[in-house]
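When you get a sec, could you build the whole thing from the sequences and use the hints?
Top to bottom, those sequences are chains A, B and C. FYI, our numbering numbers position 89 of the first sequence as 89, with every residue one higher than the one before it. FYI, our numbering numbers position 59 of the second sequence as 59, with every residue one higher than the one before it. FYI, our numbering numbers position 154 of the third sequence as 154, with every residue one higher than the one before it.
Don't read these hints as lab results, they were simulated from the structure. Heads up, the beta-carbon is just placed ideally off N, CA and C, and yes, glycines get one too. Do not rely on the hints blindly, as some may be mistaken.
Claimed, not checked - The calculated lysine to aspartate or glutamate pairs, modelled on EDC-like cross-linking and capped at a C-alpha distance of 20 Å, are:
hint	chain 1	residue 1	chain 2	residue 2
1	C	LYS401	C	GLU389
2	C	LYS220	C	GLU244
3	B	LYS376	A	ASP52
4	C	LYS348	C	GLU319
5	C	LYS348	C	GLU380
6	A	LYS50	B	ASP413
7	A	LYS26	B	GLU350
8	C	LYS220	C	ASP173
9	C	LYS467	C	GLU415
10	B	LYS90	B	GLU350
11	A	LYS35	B	ASP413
12	B	LYS416	A	ASP52
13	A	LYS26	B	ASP412
14	B	LYS90	A	GLU25
15	C	LYS135	B	ASP334
Unchecked claim - Here are some, though not all, of the chain B residues that point toward chain A, as calculated from beta-carbon distances under 8 Å:
hint	residue
16	LEU81
17	GLY83
18	GLU84
19	GLY192
20	VAL265
21	HIS324
22	ARG331
23	TYR339
24	LYS352
25	PHE360
26	ARG378
27	ALA431
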Amino acid sequence: MPIEITERLVEDIARLSRLSLTPDEKGELHGHFEKILRYVESLDTLDTSKVDPSIFPHETSNVMRPDEARESLPVDEALRNAPATRDGFFIVPRIIQDAP
Amino acid sequence: MTSAASIRDRIRDGSVSARRVTERVLAAVDRVNPDLHAYLEIFHDSALASADDVDRRLAAGDDPGPLAGVPFSVKANITSLEGESTAGSKILRGYRAPYASTVVRRLQEAGAILVGKTNLDEFGMGSSTENSGVGPTRNPWDTDRVPGGSSGGAAAAAAAIPGVIHLGSDTGGSIRQPCSYCGVTGLKPTYGRVSRYGLLAFASSLDQIGPVAGSAEDCALALGQIAGRDPLDSTSADVPVPDYLSELGKGVEGLRLGIPREYFVDAIDAEVRERVMEAVETLRGLGVEVEKVSLPHTEYANPTYVIISAAEASSNLARYDGVHFGHRTARADDLVDMYSRSRGEGFGAEVKRRIMVGTFVLSSGYYDAFYLKAMKVRRLIRRDFERAFEQVDAILCPTSPVTAFPLGSRLDDPLKLYAVDILTVPANLAAIPGISFPCGRTREGLPVGAQVLGRPFEDSVVLRFAHAYQTETDHHRERPPVSADVEES
Amino acid sequence: MGSRARPDWEPVIGLEVHVQLRTKSKMFCGCENRFGAPPNSLTCPVCLGHPGTLPVINETAISYAILAGLAFGCDIARYTKFDRKNYYYPDLPKNYQISQFDFPICSGGAVPLRSGDETRSIRLVRIHLEEDAGKNIHAEGRPESLVDLNRTGTPLLEIVSEPDIRTPAEAADYLRTLRMTMLYLGISDCNMEEGSLRCDCNVSIRPRGSDRLETRTEIKNINSFGFVASALDYEIARQIDVRESGGEIVQETRLFDPDRNETRSMRGKEEAHDYRYFPEPDLAPIRVAESQLDELRSRLPGLPWEVRQRFVEVHGLPEYDADVLSQRDPAVVPFFERCVELYAQPKKVSNWVINHVFQEMNERKVSLEVLGLSPDRLAELLGAVERNEVSAQNAREVLRKLLDADRPVADVIRELGVGMISDQGVVREAVQAALDANPSVVQDLRNGKKNARNFLVGQVMKATRGKANPSEVIAVIEELAGLE
Ligand SMILES: [Mg+2]
Ligand SMILES: [Zn+2]
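Structure, rendered in structure tokens:
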């Protein structure tokens, strides 16, 4: 049963994706988004009720490291690529939402 | 003909200095790059300094490393301390990685010389290099055509200037398909064969770094240095690394090669099919046993790939938000607005599409129908290959259904672009190695690539097929109209 | 609103506790796991979420999580994996948290609580491992926030209880037991002030006798043990008021404000969350082998409730002593038991530890370990008191000296000059002097006044600076006063 791709859905997904879209982009994206979803819906015709999902490409497990501390980056190196910093901190617009 | 292997040997025996080779490579790059836009950055100064270092070690009788003086480039989605690591995205303009990728570190430790960084579709998302945030790369065989993608810069550079090793990345064919369009050889190794540490992730369960070069031999040379377990990448496999160069000498006589009927469907261009079948005959002539095999879920591979790659990408690309690195919008009302505008301004259209699709297929209410479903189909596709590989040692098919297409011709519809990936994505889904090598050209003069797929960690087997073919034929020696030589004439 | 008795409503409380693990390095990178460093000085490309970096699991964090699971009797997963929880927040540089979704490392289990003679178990839903986020600091008077990523990537256990808790006091008890267990296991320091233990409470109320689960609220931002009960008291009373005035409880997140001692709705600031969990493709799954479980089981120390029981049943301590000794500091347990091994009077040892050793720890604000008293020395001191080599009172002074520098008890007694007077003649002289100086008191004594005797004993002890044996002094007083 195909999912209806409404403008509202496109906007919700854009918000969840943290993507601002111009009206033109929104229109084009809507069309493309719908096409792509119709395309991938072709998997519906395949019965996978008895198939386990393939979560990892290989069967390896327990890849771990010993608990050893290593040197961190110097603070100025850690902040070097940041668009805004002050006193050793990253700066962002004032946070009004609390952490989820 | 110039090869990385011959450059290595001549520097080692003192017949040419590393500096001289590097100067010639840089000059060749400077000559072709205005036409091709294959390189985003060229490291004249640091490359020459590294070359001098190799020469000094040689003069002092020190071991300069197994790849001493061999020139190489990396795709701009692979980090290096030299230059920027932008993944071809405006969102990372000016981004200088505070660390080098494992592959760059390993090649540099082996004495190889980083000459520059190559163009790509933004974050590896595309099949034409037209989605680069800094302009497309052109195909050296016909500059009105695309070089393929996303490692289009690497493939175009390899075609134009033989003797340089290029590292690309392949998520759904991004090494193999441009190699096919540009007439060069490229290997997507087994998933886990090469460390991904320092590869700007597109789809973590599919991405793999691999070599692009003029021959299977040069690919083997590079793979030998970059393969192997890396403690910084938990998905890198703890499987011994064979001597790929000496493996090449084993030939292909007696190996069984499967031809999957599902890969020779109507969508395949007739000339592509002809050239590929000629390659099959050449290999048969070398003692290869050719059989028909079936990979019944092939038609589902591409939709599966679209879902899984988009889902992982939507999460992998969440970090580009203008807080800790990368582009931040100049005007933002609040935090959420800053995120959305920074990302809206920084990402290109294709990246946004895939993020949207990925967010959707993971979102509550749709996860089972899309993402979980795709992971189940992925298992069916893997099983197809497991069964086929009980019957044969390798599988041969075209790399892409078509040859290099004109710039702009597939931009209006994302599905048209996704369609050129249908023969390459199954290897990524199945985590198996795949190589593309040139097997002749069309009447228009455009290269055609043949693809050989192998069992997991049998990268040496697919290399052997390509190498055996290249010892018997000269297609890999053909030179495009836009080209330059490293060797003095 | 206060916590007056509300007989008609029963609170239903579940806690979600985050505990930072005390590993040397972070969960997925080699940065030091340490509190209090200058901002962003404990970061690297991995925990900064730089493009191209990958996480690698810290094996000690896995062991610690399993130890916690074994302590509470959880089922330890033989197969476990990590998942990504996707949300945007500046203290989470990748904008996804590596956590666990459908295959947590531990499930089930329970935390045993004791009130009076009764043991009540609070069942656990699960314990899973995840990475901590960094810290956002709201700059005063500026339209911006500051981000420090030192804490980003610290290994975190999320311990989720069933809604089995019925009172605010029980919630506090649950938290204390959880904390003490972590301390016994040595896997976390559970310091609420430094944020290494954080607690969210899910609260609803229902008519007593009902077994329905009603709409609940979630209280966040409780950052001190003392606040847990007050936040719950307030919230329960608030919900009762809403229900009794005909209102409905709204499912929401509320913040506890310790200054006003109330919870406040965060309504309007929240958007519906869709975390889009999916398996973390950068990490291979974990398979826990039986041999590894056996090894970890062998490392399990006695747990607080087991120790408490042992103190009562084996050492014959009163419940109160067993509680106090088992809930103070895990180091107390081997200390106490070693002491008892050398000086086989558990109650006397317990009195000394609770009354004197703990007091010294309180005064100096240090742990038993830092206090530096060896159990052998304490046993030696108690032996000296037993043998009348020093009075119980002077022994306290000896104890203080021992804390400054560890030496044989006899040396300290000698140095302080507080050894008991063994010479009968000296005692007799001191008694005679006291009788001579207080003839009226002697008269009272002869008339049978008890206080008179105590007064005279006091005089003698003063004169001998506490070094006389009190029972000997009494005997001599009675003899010399002619009372025999
Ligand atoms: Mg959590
Ligand atoms: Zn770190």
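To see whether the hints hold, each was checked on the structure:
About 16 Å separates the Cα atoms of C:LYS401 and C:GLU389, which keeps this hinted pair within 20 Å; it holds. As the CA atoms of C:LYS220 and C:GLU244 are separated by approximately 25 Å, the hinted pair breaks the 20 Å bound. A hinted pair counts as satisfied when its Cα atoms are at most 20 Å apart, and B:LYS376 with A:ASP52 qualifies at roughly 6 Å. Straight-line distance between C-alpha atoms of C:LYS348 and C:GLU319 comes to about 15 Å, which keeps the hinted pair within the 20 Å bound.
With a CA separation close to 13 Å, the supplied pair C:LYS348 and C:GLU380 stays within the 20 Å bound. Straight-line distance between C-alpha atoms of A:LYS50 and B:ASP413 comes to about 35 Å, which puts the hinted pair past the 20 Å bound. About 13 Å separates the Cα atoms of A:LYS26 and B:GLU350, which keeps this hinted pair within 20 Å; it holds. For the hint pairing C:LYS220 with C:ASP173, the CA-to-CA distance comes to about 18 Å; that is within 20 Å, so the pair holds.
Pair hint C:LYS467 plus C:GLU415 holds up; C-alpha atoms about 13 Å apart against a cutoff of 20 Å. Straight-line distance between C-alpha atoms of B:LYS90 and B:GLU350 comes to about 13 Å, which keeps the hinted pair within the 20 Å bound. Distance hint between A:LYS35 and B:ASP413 is fulfilled; the C-alpha atoms sit about 9 Å from each other, no more than 20 Å. The straight-line distance between the Cα atoms of B:LYS416 and A:ASP52 is roughly 31 Å, outside the 20 Å bound, and the hint therefore fails.
Using a Cα cut-off of 20 Å, the hinted pair A:LYS26 and B:ASP412 holds, with the two alpha carbons roughly 15 Å apart. As the CA atoms of B:LYS90 and A:GLU25 are separated by approximately 17 Å, the hinted pair is consistent with the 20 Å bound. For a cut-off of 20 Å, the pair hint linking C:LYS135 to B:ASP334 stands: about 18 Å separates their Cα positions. Taking 8 Å as the C-beta contact cut-off toward chain A, the hint placing B:LEU81 at the interface is violated, the least distance being around 12 Å.
Of the supplied interface hints, the one on B:GLY83 is violated, with its beta-carbon coming no nearer than about 14 Å to a beta-carbon of chain A, more than 8 Å. A cut of 8 Å between beta carbons decides the hint on B:GLU84: the least distance to chain A is about 10 Å, and the hint is violated. With a cut of 8 Å, the hint placing B:GLY192 at the interface with chain A holds, because the nearest CB-to-CB distance is about 6 Å. Given hint, B:VAL265 at the interface with chain A, is violated; its Cβ is 15 Å from that chain's nearest Cβ, farther than 8 Å.
Among the interface hints, the one on B:HIS324 holds; its C-beta lies about 6 Å from the nearest C-beta in chain A, closer than the 8 Å criterion. With a cut of 8 Å, the hint placing B:ARG331 at the interface with chain A is violated, because the nearest CB-to-CB distance is about 11 Å. Because the smallest distance between the Cβ of B:TYR339 and any Cβ of chain A comes to about 4 Å, under 8 Å, the interface hint for this residue holds. Residue-level restraint check for B:LYS352 holds (minimum Cβ-Cβ distance to chain A is 6 Å; threshold 8 Å).
Because the closest C-beta pair between B:PHE360 and chain A is about 5 Å apart, less than 8 Å, the hint holds. Because the beta carbon of B:ARG378 sits about 4 Å from the nearest beta carbon in chain A, less than 8 Å, this interface hint is met. With a cut of 8 Å, the hint placing B:ALA431 at the interface with chain A holds, because the nearest CB-to-CB distance is about 4 Å.
The structure is inconsistent with the numbered hints 2, 6, 12, 16, 17, 18, 20, 22, although it conforms to all the rest.
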